[in-house]
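Engineer: Sequence:
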Amino acid sequence: MSMKGRFPIRRTLQYLGQGDVVFKDSVKVMTVNYNTHGELGEGARKFVFFNIPQIQYKNPWVQIMMFKNMTPTPFLRFYLDSGEQVLVDVETKSNKEIMEHIKKILGKSEKVCVASGHHTKEWLHWEDAEGMVPPTFSLKGSDLASVKETLFV
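In the working numbering, each residue carries its 1-based index in the sequence shown increased by 134.
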């Protein structure tokens, strides 16, 4: 994996697996509305930069959409399978406070996570001839061709 760019540690499996928010099954879509400037939205910007990758890793079934500079105040909106919507104001909160809050209101409890198997970091793996292998996020040319051959036979 390439370690280039801003904070490349965010793309490592170890970092992604450290996220502790696993949403309830009823959460289907999460939207993040934030601004790239302004002191009051600093927590929302850090949340997008540091925590959204962890949330995406732990919740692959949830669609996450980001809206930049389209709102006067930053907020999160969750769409549930019942048609209900949950709004979370994040204007003055830090990224850690945002994570704690959404875990409290929409996260699975630790018991439910363990029972459903979401307590392991290895649930995004595939199997090859030698056993379990972590997924490759930067497939190139020949790698991609071999994966397509095995998946679409």
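These are calculated hints, taken from the structure and not from any lab test.
Fair warning: there could be bad hints in the mix.
To be verified - Derived pair list, reagent style EDC-like, types lysine to aspartate or glutamate, alpha-carbon separation capped at 20 Å:
id, residue 1, residue 2
1, Lys242, Glu176
2, Lys180, Asp215
3, Lys230, Asp154
4, Lys180, Glu231
5, Lys237, Glu173
6, Lys227, Glu176
7, Lys180, Asp159
8, Lys242, Glu225
On a predicted model such as this, the values are computed, not experimentally measured, just so you know.
Engineer: It remains to establish, for every hint, whether it holds in the given structure.
Structural biologist: Hint check:
1. Distance check on the hinted pair: Lys242 and Glu176 sit about 27 Å apart at the alpha-carbon level, beyond 20 Å; violated.
2. In summary, the hint linking Lys180 to Asp215 is not supported, as the alpha carbons are separated by about 28 Å, beyond the 20 Å threshold.
3. Between Lys230 and Asp154, the direct Cα distance comes to roughly 11 Å. Compliance with the 20 Å bound is thereby established for this hinted pair.
4. Restraint check for Lys180 and Glu231: satisfied, since their Cα atoms lie roughly 11 Å apart, inside the 20 Å limit.
5. The suggested pairing of Lys237 with Glu173 is violated, with an alpha-carbon distance near 24 Å, which exceeds 20 Å.
6. The straight-line distance between the Cα atoms of Lys227 and Glu176 is roughly 8 Å, inside the 20 Å bound, and the hint therefore holds.
7. The hinted pair formed by Lys180 and Asp159 fails the criterion: a straight-line CA distance of about 26 Å is larger than 20 Å.
8. A hinted pair counts as satisfied when its Cα atoms are at most 20 Å apart, and Lys242 with Glu225 does not qualify at roughly 24 Å.
This entry does not satisfy hints 1, 2, 5, 7 and 8, going by the numbered hints stated previously.
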